[in-house]
Amino acid sequence: MDEKKLTTQTENFSEWYNQLVLRSEMADYAPVRGCMVVRPYGWALWENIQKAFDERFKATGHVNAAFPLLIPQSFMTKEKEHVEGFAPELAVVTYGGGELLEEPLVVRPTSETIIGTMYSKWIHSYRDLPVLINQWGNVVRWEMRTKLFLRTLEFYWQEGHTAHATAEEAQEETIKILNIYADFARNEAAIPVVAGQKSESEKFAGAKVTYSIEAMMGDTKALQSGTSHNLGQNFAKAFDIKFLDENNQLQYCYTTSWGVSTRIIGAIIMTHGDDQGLVLPPHLAPIQMVIVPIFRKEEEKQAVMEAVNAVVKGLPNVRIKVDDRQGVTPGFKFNDWEMKGVPLRIEIGPKDVQNGTLALARRDIPGRDGKSFQPMQGFETYIPEMLETIQANMLAKATKFRDDHIFDVDNFEDFKDVVENKGWAKVWWSDDAENEAKIKEITKATLRCYAESEGEGICFYSGRKTDKKVYFARAY
RNA sequence: CGGGGCAUGGCUCAGCCCGGAUAGAGCGCACGGUUCGGGACUGUGAGGUCGGCGGUUCGAAUCCGCCUGCCCCGACCA
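Following our numbering, the numbering of the first sequence begins with 18 at its first residue and continues without gaps.
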């Protein structure tokens, strides 16, 4: 850990990730096994993520609310599949105020049950619909194998819960949110996700249909980065969410739920990061540009700081950090901010002051190639442009990487080679849960989601005719 | 839950096998000096109930027993 350089991605991707999360000060291990502390730098990133989502949710008519952390245990048992899905990972409070509770309280692993209970109280008429509520909060799931951001006992997320009068409307909502997730991933996080329906065995416990966005990490493994569920009437029936329609007929609502968690931070790290450290997309980076002033003598400092301040003042809409730390060398600072993934760095030294220039370094292009000298003149326009260029380049780079690692495969031998060594397999697939389980058993690859497909083909595994294509990959 | 490992300054570890007086190193931290355009050098210094409890012994970080915690590997998950 005291080595200056990270373990490289090719040496050990998992170790690279662990070291990077700690050294970039995104998060740290908490005293309780499996729990994490999100440090200020990581939380600042999360806040930017929240903001980008929140704007999109509000723009589509959703409102925020807060539901309680503790749920009566009996709620969890009302929806059959939901119980089975979550039973093994519940944390349960049995004592309160020093006394054994009459009914144990579950620490929410997700809030369908309590929100459903409230909806049944609030919804009576078609005039009350739709209900479009989102909640930003934390949940607890008792995971065995944990990893910072990707899988922890407690994590932070948003969970949207909506209720609708018709099946069509609920489906529309489910897809609308899936598209918001994909749009966020591409345009804010620069992650070119694949969006699609999950298989029966991978869907949310209690859902009718689950959709997800799937991202490819730097080691080609897949990471489910957001899910949107059409719950049909399953929860409405379990929680008695009913309304009178225009014809005075009592109907069950159609509900949806959808979530994106702090796991998306892991996706950003593993999509863009390199052996130098994080590479954060400018749209989300807590610090978009760092300025490292360089000087030796007092009179140099004067002139340099004057130029630094002029740049800061000239870019009111750029999130800038001036690294004026004493006692560390510029070289140390360069490496430090590269570790933290700041998209753009400028160095201003005596020579620059003299020549009217800036030394500019792009984080998305490592080494000398990303460095250039620019005239001080005009920085107000070219620096914001440069940030957009970096954003676009990160998406383009990640897209190429993804496309280079997805392979069309039509037989099991090639399939194994692909998912074990190369990346994702895109295959014709005749739905068969048993075969899906077998494939998982043999190759550890899971069905990530359905792909868009045209026409018909032969299932690579069963040999049957099908009109469906899917992605298989090893996943986190 | 099954198997394996570890527990010693803030961090990573040495010392333990073969018991002996003030328990070491590197990194980090504090202060000073020289440095400063790609991870500086140097001097001084602060910091440890050796995970806990019990036992053996003249004497335990070291040997024995119990307990606790953590990490790694195998079945689920945003």
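Think of the hints as simulated: they come from the structure by calculation, not from any bench. Bear in mind the structure is a predicted one, so any value in this text is a computation, not a measurement. Cβ atoms here follow ideal geometry from the backbone N, Cα and C, with glycine treated the same way. You may find that some hints are simply not true.
[As the list claims (entries may be wrong)] Calculated lysine-lysine pairs in the BS3-like style (CA-CA distance at most 30 Å, straight line):
#, residue 1, residue 2
1, K238, K259
2, K97, K318
3, K414, K97
4, K350, K486
5, K439, K414
6, K485, K417
7, K220, K21
8, K220, K461
9, K238, K21
10, K414, K433
11, K21, K259
12, K225, K21
13, K238, K461
14, K225, K22
15, K485, K455
16, K164, K439
17, K97, K138
18, K22, K68
19, K388, K21
20, K21, K75
21, K417, K22
22, K164, K457
23, K97, K68
24, K388, K193
25, K220, K97
26, K138, K259
27, K220, K368
28, K318, K164
29, K75, K254
30, K368, K314
31, K433, K486
32, K68, K414
33, K138, K164
34, K238, K433
35, K414, K368
36, K439, K238
37, K439, K417
[Said to hold, decoys possible] Label-pair ranges, simulated between beta-carbon atoms:
#, residue 1, residue 2, range
38, I459, E217, 33 to 41 Å
39, N428, E458, 48 to 56 Å
40, R40, T183, 16 to 24 Å
Please list, smallest to largest, the hint numbers that this structure does not respect.
1, 2, 3, 4, 7, 11, 12, 14, 18, 20, 23, 24, 27, 28, 33, 35, 38, 39 and 40
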